Amino acid sequence: MSYANAVNSLGMRRTYQDALTCGLAGPSWAFAFARHLNDEQPSDAREVWDSRPQPFDIELAHIVVSYLDMLTLPKSIVALTTFIADQKGDTSERQLVSLLIDRAFASPEIVENAAAETLLHLLRRSRDLDIANRDHYYQLIRTVASSENRLTFVKSMVIYRNFRWQMNNETPPASLLRLILQGLVKFRITGGIQYMLGEIAHFYDKPSQDEYRKALTAFARTGDVARVTEIFDMLVKDHGKPKSNWLLVPLLNVHATVGNVNDTRIQFERVSKEFGVRRNTVIWNCLLTAHLKNSDLEGTFSAFNQMLKEGVKPNSHSFGILMGLCANRGDIDNVLRLLALLKESRVPITTALLDPIVEAYCNNKLYDLAEQVAEACLGMEIQGSLVRMWNLLLWNYAYRIDLGSVSRIRSRMEVSGIQPDGMSYSALMLSLVLIGKTDSARRILRTLHRGRRIHATEFHYAIILLGYLKSRNRDMIHVVFREIKERFNRPGFSSSLLVLRSQLQQDLQRLKGRGHPAEAAETRLEHAEKFLAEAIGNLDTTMLATKHPSPGTGRLSLREAAPAMYYEYVIAAYGSIGTSNRVKELFDEFSNGKMQRRVTDASKLPPLRLLSALMFAHLNIGEFDKVEECWSTAFPRAAKMARRVDIDEWISSRQLPIEVDESGSPPLPDAARGGTRLLVPSGTRELRKSAGVLPSFRFLLSRPLSLYMRSLAYRKQTWRIAEVVSDIEKAGFGLTTFNWSTYVQLLCASEETSEQLKGFAIFEEKFMPNFPGWRHLRRSYGIKPPDAPEFINALDKRNTPPHLFGREARRLWKKLEPEFLQPTYIAMVTMASALLSFRERSVTDGNTEIRELYDAAPRTIDAISDMPYLRDKWQGVMLRGRQVQGDRHDSMKRPNPFVWTGGVLEVGGERRTRKDVEKQTREPPTEEEIPPVADVVSEQGAGAPDDKDTISPESTPESPEKTLDPQDEHDIDVETQLEAQRRASGISDEQLDVEESEDDDVEDDEDFDEVSLPEEERTGTPHAASETAHERGPEQDVADEEED
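According to the numbering used here, the residues represented by the sequence shown are 1 to 1044, in order.
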């Protein structure tokens, strides 16, 4: 062993000869032989093999196996077959190979760590030696098909196809085919389901009803109506009309999954009328799900009420649907009320019924209570996984940049034995993305996927895209989005939305760089429009079937966001440059789109966010009447969306049937005594009946309100703003920092002294308590409240005093805590301009107004008096009467982002510099600009391994139909390329994908947000608004309102 560690082959052989002399040759020979195989030294291994003890028996073979590295065993077997192929007559080596194959194919760990290419190569070599037979195939397929890892399972389809080509006269066991079909359904790999149904029909006449049900369930989960209809017709042809609810559920669920209430209702009626089956709880749950996915509160509870009236007993899933809908709205009262009703009806408690409690508390920012509920659940013996409720905590803390709490929750999960999943790791990625470490998040995703810890989904890719969008690394956006198209075939909504936003940034920056054309109506955002057309063309209802969140869409569901948010950003962009004709055309295009025609509730169109974009466009064009129309639509709609509801209007405990838990276990275990009060309210607890809106919706009108206030001011109707604010607050809505700042600026810009006085008084009351002093405000710092996360200032590159927010942290906190009012530089300059007008009037009218102003806002006046003289555009235009000038974009420092052409999972990537990708930044990427991964691998010599180690094309024939989803085919190809790269160069991408350290100490005080949409900080007269359409201030309040 010492010689082996020293890589001394001669010493090992000399020791073996000594052992042979002493009669102990067996173990020494076995060790030397196994060591050469482990080290992939076939020539040395062959030399040792030729000197093996005779006879070579099964006992010695087992000794060899004991010394082999199990993780590289398939490669060792391949190496062994290379030098025994020419030995005829001696069966000892075949005996050893057969033993090794049996050991390898039965080990989940071995086959998981072996590439599909290696396994196929091993099968081919051993088959050529007449060693491998059908039983070896069956054992290998069973092992990989039983895996809980998707990439490992996918190998079963590859190996099965190879088996069918090599041994087409063999009939595989029915249990083997059912195992593969079950795995396809479990991993939602729909590409091979019809192929496996065909295989079952080919060998065993026809699939069973249960096999059809599994196939229907898989396609229904993806919202694939055409496939569900096709397979259901096959079921009817083979077995007649179903007489079981279980076989009919997919007919409803395929429509319910995407929120199509009308078609779900049609199938709901078919169950009893056409098939003569009494609708059970599961059928009713499908109808409830359709309303849930459509965000239809009244429809969901109305259907539930109808369900009770027909005598159908709701189960835990029925209540989970209702509680999930209320939790998503942040309606804590009704979540707890439903849990109380559930307790009275004796429905067993599952974790799916407790997750909504954590979610509701989180949506109301009551994180301590949410944690207490999660902790209480650890002591309960309840059915289901606890990972989702802990993931909710992780995600909420990650979004707040509360890295300390993220670490604490992860540690608590580990101590409690809660295994993290893809969503757990995505929260870690999100926290890195939000603090500007997107490359680290990308590398973590690659490591987790290649290490088979998680399966990388498009949701994970979208988080990476969000990070690159925030850092304006357009080159990496192109690289990652191209990989998304290659891996998933059709990009999802979130990915396309984020790329569209990047294209808009790029197009608007080009316009600013060359100045606006004389005719704004002729301006076109060419690249963004081209991408918009492509994204709209790719839209399909199956995109709505995902259960993952949608980065970039805020709190909107996919059904609400698609395709409205595409149009929202493009309309806002055209509104910012005054292209009125294109705004109208785009809105008409949206209104007449195919996705809108499927919406059941036309009163929800257009969505509130799109209405805000329209208001901004109309405001910028000067169409104030249309702004008024939009506001008249937005206010009542928001009030309806945000209103509190009393579920007793639909259900009560008297309607609920009492269902005894047959297991005899109590719905809430006594082990949770400490947390029961948080989980189940007392029977006498009453809901809050006060009028108003839910706390989670208090700031729903923030965007449209600021726009509407500005339109009133531009029409010289500033006096109406007070009435609007009063109406808003009476309805239960609140005003954000941005709303109050806008209100103050509009009042101070008014020609009426009384309104100016009011503006100063409001600022004194609401903003001056948090005035940080000019030294900090001029650098965009702000007061940091005690409850702010400790690490939130990680958002900023420069060091920030611990009691203050840095610029980026301050912007984030405005979104997290809109009620924490922070004064802005622009607002104070506007007030300084108003103060100048007061002083000018005092020359002729006396100082009465000045005294009134000082009495109303003494601290404000003192602060303005101490305002430092700055050579910026705001003071220059508003205080010193200079002409408005555009930003000098050419003189601004451009970032030099790190670019890795390998994206997330591609093989053969390389580092690129700004110089290499300059053309890509100027124009959308083409195939010539970023070479395909295969070309890069070929150039590096990693794409062409030796023929002896490569599977010939004939060994993996193309199936007449697809048997894998695009992402699984991509993963198999990447795995093969990665293996080839390691053989050729001995290194992997992880060693090359390292960013070189650079001195990036760039002063960012004037690092303006160049292309935020829309710009909402502008105040004053309509004429002034037109002149300052593209001016930016150090506070970037516009970006605060716009970014999600």
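Rather than coming from a laboratory, the hints here were simulated on the basis of the structure. All figures in this text were calculated on a predicted structure; none of them were measured in a lab. It is possible that part of the hints are untrue.
[Stated by the list, open to error] Below, in silico cross-link-like pairs of lysine-lysine (DSS-like), each with a Cα-Cα straight-line distance of 30 Å or less: (1) Lys365 / Lys626; (2) Lys485 / Lys470; (3) Lys873 / Lys766; (4) Lys512 / Lys206; (5) Lys237 / Lys206; (6) Lys730 / Lys626; (7) Lys241 / Lys343; (8) Lys365 / Lys640; (9) Lys530 / Lys470.
[Said to hold, decoys possible] Quick list of simulated restraints, FRET-style, between CB atoms: (10) Asp588 / Glu752: 34 to 42 Å; (11) Arg346 / Thr447: 42 to 50 Å; (12) Thr447 / Gln883: 53 to 61 Å; (13) Glu752 / Gly876: 53 to 61 Å; (14) Lys313 / Asp648: 15 to 23 Å; (15) Arg798 / Gln883: 26 to 34 Å; (16) His548 / Ser411: 22 to 30 Å; (17) Gly554 / Ser272: 35 to 43 Å; (18) Glu148 / Glu40: 25 to 33 Å.
Where is the CB? At the ideal position from N, CA and C, for every residue including glycine.
How the hints compare with the structure:
1. Lys365 / Lys626: violated (36 Å)
2. Lys485 / Lys470: holds (21 Å)
3. Lys873 / Lys766: Given pair lysine 873, lysine 766 holds - Cα atoms ~26 Å apart, limit 30 Å.
4. Lys512 / Lys206: violated (65 Å)
5. Lys237 / Lys206: Answer holds: lysine 237 to lysine 206 is near 10 Å, not above 30 Å.
6. Lys730 / Lys626: Holds: lysine 730 and lysine 626 sit about 25 Å apart, inside 30 Å.
7. Lys241 / Lys343: Distance ~38 Å between lysine 241 and lysine 343 Cα, so the pair is violated.
8. Lys365 / Lys640: Holds: lysine 365 and lysine 640 sit about 22 Å apart, inside 30 Å.
9. Lys530 / Lys470: holds (22 Å)
10. Asp588 / Glu752: 34 to 42 Å: Because 40 Å falls inside the window, the suggested range holds.
11. Arg346 / Thr447: 42 to 50 Å: holds (47 Å)
12. Thr447 / Gln883: 53 to 61 Å: Check passed, 55 Å falls within 53 to 61 Å.
13. Glu752 / Gly876: 53 to 61 Å: Once the Cβ atoms are compared, 26 Å apart, the range 53 to 61 Å for glycine 876 and glutamate 752 is violated.
14. Lys313 / Asp648: 15 to 23 Å: For lysine 313 and aspartate 648 the Cβ distance comes to about 20 Å; the hint holds.
15. Arg798 / Gln883: 26 to 34 Å: Cβ of arginine 798 to Cβ of glutamine 883: about 33 Å, so the range 26 to 34 Å holds.
16. His548 / Ser411: 22 to 30 Å: holds (25 Å)
17. Gly554 / Ser272: 35 to 43 Å: Roughly 40 Å apart at Cβ, these two residues keep to the hinted range, so it holds.
18. Glu148 / Glu40: 25 to 33 Å: holds (30 Å)
Checked against the numbered hints above, the structure breaks hints 1, 4, 7, 13 and satisfies the rest.
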